[in-house]
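J.: Sequence:
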Amino acid sequence: MIWHSMEVEGVFANLKSSPRGLSSGDAAARLTQFGPNELIEKKKKSLFRMFLDQFLDFMILVLIAAALISGFIGEVTDTIAIVVIVIANGVIGFVQEYRAEKAMEALKKMAAPTATVLRDGHPETLPASVLVPGDMVVLEAGRIVPADLRLTETAYLKVDEATLTGESVPVEKSIEVLPDREIPLGDRKNMAYKGTFVTYGRGTGIVAETGMNTEFGRIASLLQDTEEGKTPLQKRMTVFGRKLAAAVLVICAVVLGMGLLRGEPPLLMFLTAISLAVAAIPEALPAIITIALALGARKLIRLKALIRTLPAVETLGSVTYICSDKTGTLTENRMTVEELFFNGRLISAEDLAGGKGKEDTGSVFLAALALSNDAQVGSDGELLGDPTETAFFDIAMKRGFDKSNLEKTHRRVAEIPFSSKRKCMTTFHEWKGGFISFTKGAVDVLAEKTIDVMMPSGPIAMDPEEMRNLNNSMAAEGLRVLCFAMRKWDRIPEDLSPENIERELTMIGLVGMIDPPRQEAMEAVSLCRSAGIRTVMITGDHPATARAIAGKIGMMEDDAEAVITGMELEKLSLAEFEDRVEHIRVYARMAPEQKLKIVEALQDRGQYVAMTGDGVNDAPALKRADIGIAMGITGTDVSKEASAMILLDDNFASIVYAVREGRKIYDNIRKSIRYLLSTNSGEIWTLFLASLVGLPIPLLPIHILWINLVTDGLPALALSVEPAEEEVMNRPPRPPGESLFAGNLGFHAVWVGLLMGGIALCVQFWSLRVENTHWQTMVFTVLCLTQLGHVLAIRSEKESLFKIGLFSNKYLFGAVMLTFLLQLATIYVPALNPIFKTSPLTAQELAVTLALSSLIFIAVEIEKFFIRRKENPRTTR
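Position one of the sequence shown corresponds to residue 4 (my numbering), numbered consecutively onward.
Treat the hints loosely; a few may be bogus.
Said to hold, decoys possible - When the alpha-carbon atoms are kept at most 35 angstroms apart in a straight line, the in silico DSBU-like pairs for lysine-lysine are as follows:
no.	residue 1	residue 2
1	LYS555	LYS307
2	LYS867	LYS801
3	LYS426	LYS411
4	LYS424	LYS491
5	LYS302	LYS246
If you are wondering where the hints come from, they were derived from the structure by calculation, not from laboratory data.
With the hints as constraints, model all of the structure from the sequences given.
T.: Pasting the structure below:
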């Protein structure tokens, strides 16, 4: 039903209720019919199924196959190592998914626990869960709305709907019919929604919807129906795993076939092919990626960003769009006086000051701001009350006009409360032997009630039309404008009716307020622009306010279509919206499902989307985004549980630091992959070429295991903490569809591996020719040492090691030295010779091995030189 467009009498008739509420018997029957006023969760996966799902990733399946093969050929150590890696990854994934399932629990906690309900005409305090459609609910300041209500009576009722709509100012409620059936959620002033908060006044309403049929329930349904997509790295690793498996099968088949055609023993060739398959699988890669992400998450905590799901660390580096909620994220979530019209001119809040006397115009204005005000200072020093009034209270107090001190000499003696019909309020105060009334309210209303304007030289005539134009000009800047006026009295009139009091007023001035943008948010948006990341504002606030904030922050472009409202969005077809989505910078008056629609539209255009937010209304989009970012201080439990990252300081700028860290981590993961693929490529080429030319098998299974787990593992792990390269935030995000092998990574792995294999075979061929019995040890050592030279050279894709410095990554230097010493131990420690099937090398043989191993380092440095020269012909480094 469209409750907001129905008369109150029609709502009562439709719900078969009355202002006295339901009878106890009728309520019990309806509870059976409609069910409890609670959020219902879909059936969850069992913990066992959740754990099992972690092993369906293609790369994990490839590793499981490698473990089975290793076990089949008797390599127990290799099998155990791979199984440990697979189980560790499964446990991490299980923990992440289990945490994500807590979002619904947090949502349920936000529901109102009790409510004041009329049953049989008498008020009762009942659990909110037993409310049914047709119940009459009493609302008071400080209470959470227990269900979706069509309001039937209001007395200065204001409701904070920020967590549902994003509106930063409490909404004044009324019972007037709203004929527009498509009016946005934030404009339905005759409705009060479950989970919102009453800040002022009182009212009654009839329960229209309960449980999953409430707006809160619709968000819960969106959370349940929203699937989390794979991260960019997960997608790329899936493709990588498939390509790797296919390549391994082809190479193994070729080696097996060629050996059999040459007349080699079938069993020997089968074992060789199996060894080749195991050599091709980078067993350490999943563990290295997991550890790199974990180290990144640990560093991000120091940057005030808490990572809830490890893949989110890398996703940060892929982000092309940041969709941010306005209230509390880009803004400070507090109303502040920004601009005033005073003494005939517009001034900033900083320029308002009081004079020495009571009749000084500045002093009168500040006194009006302080006295015509119901805000108070709490025990903790925080301002309590309506956000608009706390803004007035704050500006007056900071200029020495403390309300409590002023009331000692300017006691409030009468008042006419605020009315939504009159759109103003008036207070009477003792003033210089007489009395003064201060009236504040909407500009268009007070323009008809004022006759002149206060000026330093005395009141002058006022033009109502000029006052309205000024109001429109200030409102166009996103300001919420109120007018202050006054009138002096010899005594308090007996007739305190608004018609008698609120007339023949003198305007004091206009006050323009705004929820100001965070300073750090402005800087962060600028940094995002230089990093090629687009920022978008999505809010439930009004378009003029949203546009003004976006302009101050630097999000707007010279495009009339850069702002769109929720109603305008609903009128667009999916195709029309997707054509425009990349040009829109501000979305105003948005409903929760529309935020989700925006994220999905950007993703359909191939963008990687980060969504920031702090309210319940953000949760579905936070979950669907490539990375959801919740606010740690102001954020609701729902938004935190639906997110992948939480900003512990609510600082939008922390996102930029996190993006930088994410880009660095992805770069380092690519470096690790480049290193591991080149290493495995070298092993494959060595075995393949030896088989091709009829040489004996150059590497034994124990050699392959050592290279894959030690020579590969330690340096690759140290690469994960490589410092960020200089241009990491001065380049655009990676293209969404970019392959893991982009930037010639695949070609690099092939040619470096081929060179490694060629060097190893040259050593083998020469050793056999001179009848050197240590030839297999030399081949084993050459492959290990060429990889150490290679890892030093690929610390940067462009810059020379001599520029970035050998010791700038002390962990990598330590890993290289440790691996080198361990390799020497396999050669020169007698107890290890039988295990590794090695023999001690002579000084001459070791020198030859070291010299040949350095060729890889030299070759890669030459490659980087040509890359630099291609990008900048004048580069000579």
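J.: Starting from LYS302, check that the Cα of LYS246 is at most 35 angstroms away, please.
T.: holds (33 angstroms)
J.: Going straight from one Cα to the other, do LYS867 and LYS801 come out at no more than 35 angstroms?
T.: Cα-Cα ~5 angstroms, so holds.
J.: Sort out whether LYS491 lies within 35 angstroms of LYS424, counting only the CA atoms.
T.: holds (25 angstroms)
J.: Do the alpha carbons of LYS426 and LYS411 lie within 35 angstroms of each other, as the hint requires?
T.: holds (29 angstroms)
J.: Within 35 angstroms, alpha carbon to alpha carbon, are LYS555 and LYS307?
T.: Within the cut-off at roughly 25 angstroms; holds.
Comparing the model with each numbered hint stated earlier shows that all of them hold.
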